[in-house]
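Colleague: What follows is each chain in one-letter form.
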Amino acid sequence: MDIPRGNIIVMDRRRGKLRVGQGLIQGLKVVWDHWAGSFHKNENFSQIHGTFTVEYPDERLPLPQTYRNMPVLLYDDESGHELCTGCYQCQRICPPQVIHITQAKDPVTGKMVPAATEFIIEYDACMSCGFCAEVCPFDSIKMDHVYELSTADRVSLTMRKAQLNRPISYYASIAPDLWAEVQAGAMKKLQGSIKRRPDVIGLAAVLTEKIKARRLELAAAAAAAPAAAAPAPAAPAAPAAKLTPEEKAAKLAAMKATNANKGVAAPPAKAPVELSPADAKAAKLAAIKAANAAKQAGAAAPPAEVPAELPPTDAKAAKLAAIKAANAAKKAAEQGNSE
Amino acid sequence: MDLLIQIIFGLLSALIIGAAMMVVTVRNVIHAALWLIASFFGVAALYLTLEAEFIAVVQVLVYVGAISILVLFAIMLTRSSEGERLLTQHWWAAAIISLGLFGAVLLPTLVGHHWNLPLPTGPAGTPESLAGVEELGRGFVNEFLIQFEVAGILLTVALIGAIVIAFEERSRRRRVLTLSEEHILRQRQQATATAAQAALVTADAAD
Amino acid sequence: MLKTEELQINIGPQHPSTHGVFRMLVTVDGETITDLKPVFGYLHRNHEQLAEMNTYQQNMPYTDRLDYFNAMANNHAYAIAVEKLVGIEVPERAEYIRVLMVELTRILNHAGALGFLINDMGAWQTQLAFGMREREKILDLFESASGARLMCNYFRFGGVARDLPADFMPRLKDLLLAMPGFVDEMERLLRENEILLQRSEGIGILPQELALAYSVTGPVLRGSGVAYDIRKAEPYSIYDRFDFDVPVGSVGDVYDRILVRIEEMRQSKRIIEQIIEQLPDAQGGYMNPKARQNVRPPVGDVYARVETPKGELGFYLVSDGSTKPYRYKVRAPSFINLTPLGDMCRGYKVADVVVILGSIDIVMGEVDR
Amino acid sequence: MQDVVNQVINTTFGWNWPSWAIALIGYLIVAVILFAIAPFQMLFLTLYERRAIARMQDRVGPNRVGPEGIFQPLADGVKIFTKEDIVPDAADHWVHFIAPCVVVAPTMFMFVVLPWGPGMVPVDLNIGLLFFFAISSVSAVGLLMAGWASSNKFALIGAMRAVAQMVSYEIPAVISLLALVLITGSLSIVDMISYQGGLFISSRDVASVPDWGLGWFIFTPVGFLAFVAFFIAALAEGERTPFDIPEADSEIVAGYMTEYSGMKFGLFYLAQYVLNFLLCAITSVIFFGGWQGPGVGWLYAQAITPVNPQGGWVFNVLAGVLGVVYFLSKTYFFFFVMVWIRGAFARLRIDQLMDFGWKFLIPLTLVNVISAAVWVALTKWGAADGLAFVEGWSPLVRWAVAFVVTLAMNLGAYLYLARIFAHSQAERERLDDEVLESLINVV
Amino acid sequence: MPNLRAEDLRALLGRDLPGLLQEAYPLHLAPPPAHGHAPPPFTTADALVDADRIIEAALYLRDTLGYAFLSDICVVDYLADGVFELVYRFYHVEGGPSLALKARVPRESPQVPSLTPHWPGANFHEREAFDLYGITFVGHPFLRRIYMWDEFEGFPMRRDFPKQGDKYIGEEE
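Chains as they are written, first to last, in this note's numbering: chain A, 13 to 351; chain B, 71 to 277; chain C, 26 to 394; chain D, 7 to 449; chain E, 51 to 223.
It is worth saying that the hints were derived from the structure and are not from the lab. Don't take every hint at face value.
Dumping the calculated BS3-like pairs for lysine-lysine here, alpha-carbon to alpha-carbon at most 25 Å [to be verified]:
1) A/Lys123 to A/Lys53
2) C/Lys315 to A/Lys201
3) A/Lys53 to C/Lys198
4) C/Lys62 to D/Lys159
5) D/Lys89 to C/Lys374
6) E/Lys213 to C/Lys349
7) C/Lys374 to D/Lys365
8) A/Lys224 to A/Lys207
Note that the structure is predicted; figures quoted are calculated from it, not measured.
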């Protein structure tokens, strides 16, 4: 029989002539070589000697960017808006059908809006195929790199939206190249879908409360500013010429909130910020740090009031930092109260 | 020292006799065999107290290590372990015969023994050299040569007999053919059949 | 003449060397096997029914779970079947990437399979550990390309999920440097070793004529001396562009299967070297841009098969014009290769059963489906 | 030990206890020491084996519990102690319970005759070697009990295999030692060690050789062949790869241990590792001089001994420590070899094992006994024994002649038997063919 | 490398084994929908043979054409037409594409002669078909369930097997 581009090799079963223990000694030698070579580490792919154990809790293998474990939802760090529009693409493709989406409705008009009010992924049945991340047209669902997910019960692996939300910065840090590829499109689409979302719909669940609080604050400031008539340069909510949609929404929300529950006093949190940032990124970083510090500073500690003196040049970044810090402080206060 | 030895002797005797009693009374044959091993072991220990170390060790090696294993193997492989009846109809006959045999062994000892021998004193009496390997070897090839040879021949004969009993012709032993053997067999059968047919055909043609 | 009694032993379903939940009902006469009946289905999940309820696209990750050692090869077979059914073109670079992945899969499967085989023979995991080391390296590569080590889900209709990452090729070349040493070492441990020869020579012989009749495929078939390799017999993908040899055995025993597997690893390495030379550099060519994933094939049926490391993996698809297959049938190599197990074990000793089973190299995920 | 106890009780305290009490106390102390040492050895060996074999497989091995994992065996011990003890319903409960004890007890007994250093032997039996092997055969009874009482087919098969293997490999082991017993003329293990003084030549064979403690039997052809045969038999007796057939996990799950759990299972493991230690120890004692080594003999000559009551006690300690170090390092080396073999080789099949034992190893050791006889004749006999032609040869020449003759005998026997052994396999194939031929006409 | 196509096989079978070949009538893949247009029926180019004479056809493929390698036996349930179609797939040892033999049996009494006596390799294929579709292979030496347990009732791959619960569709409680 002929075979194109190759031969048929009949394997040679012949052995050496002297067979009294030779092969055994050869085998012993192989094992000995490995034993002797095992006192250094197997460093790269071209080596076959040396220990290749990765002592897991102490060392970990570096994960490639493409690594996929479980899907998570992304939200924009800066505005807190989720990228998800509740389009059901992922729910439809999911082979084990573990994604369950409830699309958001406009509370006023009752129409569907491009956001998800609830987004459930049953991690326990998820098969990590990555299809959801692949089909998502808004690059909202991405595969996480966290693999230590074991729990004592099955129920706690049913992840709700609040548990699924991750900031974009997190995803950009674990998969920078992959995010860079889609960043422009995703952010553009996000801007588009934000326009069609009224109120707080589509905000990352972890941030909703914080943003609400901040909006109240902004509204209060906005109300106070014209009354005082003081040209406070640092007032973040000073009526600017161009209002971002967020600020518009914030104002609206603030008004609504004040109308709805007048008895409830807004949390008196003010930005405990102490910074002179040169750019937005540094400000963000500082804010995160401040937030962490505030969290750690003690659960019972009342929210610190630090007068914020913000240079006008980077008002936006500072604003963000202030929001975050305030939220952190507020959370700390809440924890303190609950305890 | 004597007290200790006597205590040990008492304990060992109790073990031996108790175990022997269990051998004949327990229902389960395997248990009986296990009690027999215990009895053998007690005897070996008894030899040790008599400072007959070689005999003791040989007792363990032969009786515990070999014979009782043989017994266990035989029981396990041949029959179900639960005995049906404890006593046969003729148990009294067996009892009389065994008592008689026991008496026949015991009587000469009781009658012919000189009970008033002086105890051996001092190190001269200790039979230290008995267990030496050299003495043993010399004994085998000098004094007890005939016995040694006879025993050797007997064992060899037994060995050959065992092989003869257990040995089967390979052709008869191999009842299960492997797949390839079956295949080859079928091929050859076909070949012979076709050859026979061809021969037939040629014979026909010749006719 | 001593008579012995026949004894029935259940090897499995929980047994260290049945490679999963697998049971063999063995009738022995002394230590000689007179009859052996494989019993399985403990892992049966009605994969085919499941697939008929899913869309074509959704089935791709389920094929990973068939033979979880060779997810890439399963993906390949399924992708080829659907592409044939729909008529999707696959770009050049994607074909090369696919073949590269499948050949790597072959190496890792054989490394593992031989390790497990030797483990079944009683060597305390040394060969297995060496095999696993190489396997882990290959899995690292898979992970960097597809995102997962085992359940790769890397192939798509009309290409692969994403292009190879930048550091893939250097690492692959490193790996190929280690390969000859690894295979030689394995051969040295296995080939001349008297104990292994004792355990594998003349054991579990499957004669050439019967091998065909028993429908076995893969190394088991080739070990019996039939030079039938689908990559050569009915070249799919781009296998007709590579030079490689087909190793066959001469007797058909366990030893021949070991030898064939060792040689196949060498041949796979040869193919990979050719791929590295020929791999087109075109950017973005890893996927046919026109190919839809949520395919809606025309009414018809198709049978496509590939040579996975274990043998012929075939997919028979009947389409009714919707997005879900009307019939989806997997022709699983591990399952069919088990057919001669009972006959192959007959007449050998109990200890040989696990060796023969190991030499067939099964994965229960594929057997039970 | 008894003289020390006597010294302390009757001389120092002046209590005048009877001699039987002294003896009892002395034996008790020794027994307690042995019972402490045996499990300790087992604990150490498990860790040693796991670490060594891990390195052979490019792994690290257990290194988490304590520095470099030295407490790992303790953790395992705690785990095994706290495990539930499961007895199958169908099992014979009493036999099932006693079996592990019957397996462990003989291995503890075997420590009794094991010399650790110069003058450091619990009991110097003049039939020590025989005692060692007689006692080791007892554990076969325990294995059978375990296998039978579990009422599990795998356990029974495992026990049958274990016993068949132990019984048949005891023969080559004992015969290979018999050759050395012929040379030393004693069954006492202490005598065998003291025979191995000298420098590559035993100082008993050639008196003029300097005593560096290196006159090991391994350096003679008889000793070498006996060593190889004995070590192979020891592997089989200790159920080590490639002869770990009784507990072949890929075939019969865990053999006779299948139905055991918890500490009973632990006892089997204890017995097995202690037995392995003992086999390694006896190998090092008989073929590699045990505690013999450069310096020990000289140190011991200065120590307080019955021969030399004026010695210094410091030398007692030094000689003891050095001897124990030599002895243990040899023993652990052999255990390493066992691990090494386990790392490299597969397992034989039971019929192959029996073939190898009966058709190759036993004839080889029998030839070795004849070689030993020739050795004794050439080195020791004189005209009185009928060997007139050696008259006038210097001991060294006689030794050299004996070396050459026995080497030729052993090498020839080895090659011849290897050929025959290989031939027997071809013969079997031919027989199989004959069977087929005969069947053609039958069917 | 032999390169027979399905049409060639049909021609050969028609020539050498007259009466074996059946006309491959189109099969409906779904019951006609209430509205919208029905999917086109399924037609096949493969040789459709008389189910009772499948052994004859298979042996012809093996012995005359050299297609000795029985790769696969697949059952398809055409519920709308009330038939099971068995697809036997043969390969030539020297390579080349496959030849398929198809045979249709009624769903009510699915019976086919077994190929196992001639191809031991058909054993598991047929047991699988028996297990999942309930097709009886006459002459099979050991026709038992292979995946499901022996006490299982019903044939899970049939299209009228309920996807949930444990009853056939349409069967009343």
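Colleague: Hint by hint, say whether it matches the structure.
Modeller: So, going through the hints one by one against the coordinates:
1. A/Lys123 to A/Lys53: It is violated: about 62 Å lies between the C-alpha atoms, which goes past 25 Å.
2. C/Lys315 to A/Lys201: OK: C/Lys315 and A/Lys201 at ~23 Å, within 25 Å.
3. A/Lys53 to C/Lys198: 20 Å, holds
4. C/Lys62 to D/Lys159: 18 Å, holds
5. D/Lys89 to C/Lys374: 35 Å, violated
6. E/Lys213 to C/Lys349: Status holds; Cα separation ~15 Å.
7. C/Lys374 to D/Lys365: Answer holds: C/Lys374 to D/Lys365 is near 20 Å, not above 25 Å.
8. A/Lys224 to A/Lys207: 18 Å, holds
The structure is inconsistent with the numbered hints 1 and 5, although it conforms to all the rest.
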